[in-house]
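Residue numbers (this note's numbering), protein chains in the order written: chain A, 1 to 203; chain B, 1 to 203.
In short, the hints are calculated from the structure, not lab data. We treat Cβ as the ideally placed atom computed from N, Cα and C, and that holds for glycine. Check the hints yourself; a few may be wrong.
[Stated by the list, open to error] Some chain A residues flagged as far from chain B (calculated, every beta-carbon gap over 12 angstroms):
#, residue
1, ASP25
2, ASP61
3, THR63
4, ALA100
5, PRO103
6, LYS111
7, ASP151
8, PRO152
9, PRO182
10, ARG195
11, THR201
[Claimed, not checked] Chain B is faced by these chain A residues, among others (derived, beta-carbon under 7 angstroms):
#, residue
12, LYS59
13, VAL64
14, ARG69
15, LYS74
16, TYR78
17, GLY169
18, PHE171
19, ASP187
20, MET191
21, GLU193
22, THR202
Number of protein chains: 2
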Amino acid sequence: MPSPIEFFFDFPSGYAFFAALEIDDLAARHGREVRWQAFSLGAAFKATGALPLTHTPLKSDYTVLDWRRIAEAKGVDYRLPESHPHAGLPALRAFHWIDARDPATAVAFAKAVYRGYFSQTGLDIDDVAAVCEVARSLGVEPRQLAEGIADPAIKARVREVGEAAVARGVFGAPWTFVDGEPFWGWDRLPMIERRLAGALTTI
Amino acid sequence: MPSPIEFFFDFPSGYAFFAALEIDDLAARHGREVRWQAFSLGAAFKATGALPLTHTPLKSDYTVLDWRRIAEAKGVDYRLPESHPHAGLPALRAFHWIDARDPATAVAFAKAVYRGYFSQTGLDIDDVAAVCEVARSLGVEPRQLAEGIADPAIKARVREVGEAAVARGVFGAPWTFVDGEPFWGWDRLPMIERRLAGALTTI
Numbered sequence: 001m002p003s004p005i006e007f008f009f010d011f012p013s014g015y016a017f018f019a020a021l022e023i024d025d026l027a028a029r030h031g032r033e034v035r036w037q038a039f040s041l042g043a044a045f046k047a048t049g050a051l052p053l054t055h056t057p058l059k060s061d062y063t064v065l066d067w068r069r070i071a072e073a074k075g076v077d078y079r080l081p082e083s084h085p086h087a088g089l090p091a092l093r094a095f096h097w098i099d100a101r102d103p104a105t106a107v108a109f110a111k112a113v114y115r116g117y118f119s120q121t122g123l124d125i126d127d128v129a130a131v132c133e134v135a136r137s138l139g140v141e142p143r144q145l146a147e148g149i150a151d152p153a154i155k156a157r158v159r160e161v162g163e164a165a166v167a168r169g170v171f172g173a174p175w176t177f178v179d180g181e182p183f184w185g186w187d188r189l190p191m192i193e194r195r196l197a198g199a200l201t202t203i
Numbered sequence: 001m002p003s004p005i006e007f008f009f010d011f012p013s014g015y016a017f018f019a020a021l022e023i024d025d026l027a028a029r030h031g032r033e034v035r036w037q038a039f040s041l042g043a044a045f046k047a048t049g050a051l052p053l054t055h056t057p058l059k060s061d062y063t064v065l066d067w068r069r070i071a072e073a074k075g076v077d078y079r080l081p082e083s084h085p086h087a088g089l090p091a092l093r094a095f096h097w098i099d100a101r102d103p104a105t106a107v108a109f110a111k112a113v114y115r116g117y118f119s120q121t122g123l124d125i126d127d128v129a130a131v132c133e134v135a136r137s138l139g140v141e142p143r144q145l146a147e148g149i150a151d152p153a154i155k156a157r158v159r160e161v162g163e164a165a166v167a168r169g170v171f172g173a174p175w176t177f178v179d180g181e182p183f184w185g186w187d188r189l190p191m192i193e194r195r196l197a198g199a200l201t202t203i
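All chains, please: the whole structure from these sequences, using the hints.
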């Protein structure tokens, strides 16, 4: 059994959202599972000196246009919250609290958060109660989760995941490792598919 | 006759190189011509606070890997000069000197410079004599071109083109405008094709 591909995503990124819609099916076509890893780009931005797209002059307007075009091209139900961008720390911490107990539920949670934030309900990913409600619908006990979100151990875990990602060269999201080989961005899904199909030999 | 699409490129960018190999054919499939515009990202980097890819921690190694993969996927004769990146100011100025006299020859010059830098001869795009030799093979008088490269008016023209691009929201290369709509990157060629085919309505 080949090793799972690793999929690093951050909740406020539209590019990560679009990739999250496709990555499981893409991997399954090649007999691979996906290890989902929520992370924050904060540590990477410190290393590269970059700012979040939506806080970068010129880039923010372009990015929002680009996400609309991708949504149309892919037929994705998509609506950017008026209050975008949210940092989404409660959602990020919740992912890791759930992931430590049940990774499959953490993936379902991530997908539900993305749907809520980018396409349907205007989910506030900065709001602990709203995030816990999403998890509750997946069978997670919301009061325990709320305590977990505030737990310094979970905050430390989030920091560790971010720093470990940067140490492996990650500087953007979404980020995918296939057998350790890095692929940055939604735009590289076709290249990931080529690699998984054995049609790309360069390293 | 619809208006030409505008293609902004910088010589040391592998992504612009790969796009330059495709953009004319892509446009022609939809009855469009291409207005080629060499520019330097310096002004854009000032506006966004970004650094050139190859000077950005983490990004430079990834970018070089990514270019190799694109070359393989597209079957492109490709070799990165060991001395990469060159700033390529002489090539940039030469483009604009030629462009002011004969835009078609300027495009041929740009393609020859790309081939020389990224695939064949290890062309030094920082070397005035080497750049003039490329132009000579296209019928440009090399001594006049060398004088043009040193002309303050050409330097001013290069600065104007860069500043005008930034004023229109350009922050990276390659950059394509289709009827004024912006597309950033080699990865957006398929989206440009959708737009030209009338299969993309979002703006």
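Outcome of the hint check:
1. ASP25: holds, 19 angstroms
2. ASP61: violated, 7 angstroms
3. THR63: Violated: least Cβ distance 9 angstroms, not greater than 12 angstroms.
4. ALA100: At roughly 28 angstroms from the nearest Cβ of chain B, ALA100 of chain A sits farther out than 12 angstroms, so the non-interface label holds.
5. PRO103: It holds; PRO103 of chain A is separated from chain B by about 27 angstroms at its closest Cβ, greater than 12 angstroms.
6. LYS111: Non-interface label stands for LYS111 of chain A: nearest chain B Cβ at 24 angstroms, farther than 12 angstroms.
7. ASP151: holds, 30 angstroms
8. PRO152: Since the minimum Cβ distance to chain B is about 28 angstroms, PRO152 of chain A lies beyond 12 angstroms and the statement holds.
9. PRO182: Its Cβ does come within 12 angstroms of chain B, the nearest being 6 angstroms, so this is violated.
10. ARG195: violated, 8 angstroms
11. THR201: The assertion about THR201 of chain A is violated, with a minimum of 7 angstroms to chain B.
12. LYS59: holds, 6 angstroms
13. VAL64: violated, 11 angstroms
14. ARG69: holds, 5 angstroms
15. LYS74: Violated. Min distance 11 angstroms.
16. TYR78: violated, 10 angstroms
17. GLY169: Result: holds, 5 angstroms to nearest chain B Cβ.
18. PHE171: holds, 4 angstroms
19. ASP187: Holds, because the Cβ-Cβ distance from ASP187 of chain A to chain B comes to roughly 4 angstroms (cut-off 7 angstroms).
20. MET191: holds, 6 angstroms
21. GLU193: violated, 11 angstroms
22. THR202: holds, 4 angstroms
Violated hints for the displayed structure, listed by number in ascending order: 2, 3, 9, 10, 11, 13, 15, 16 and 21.
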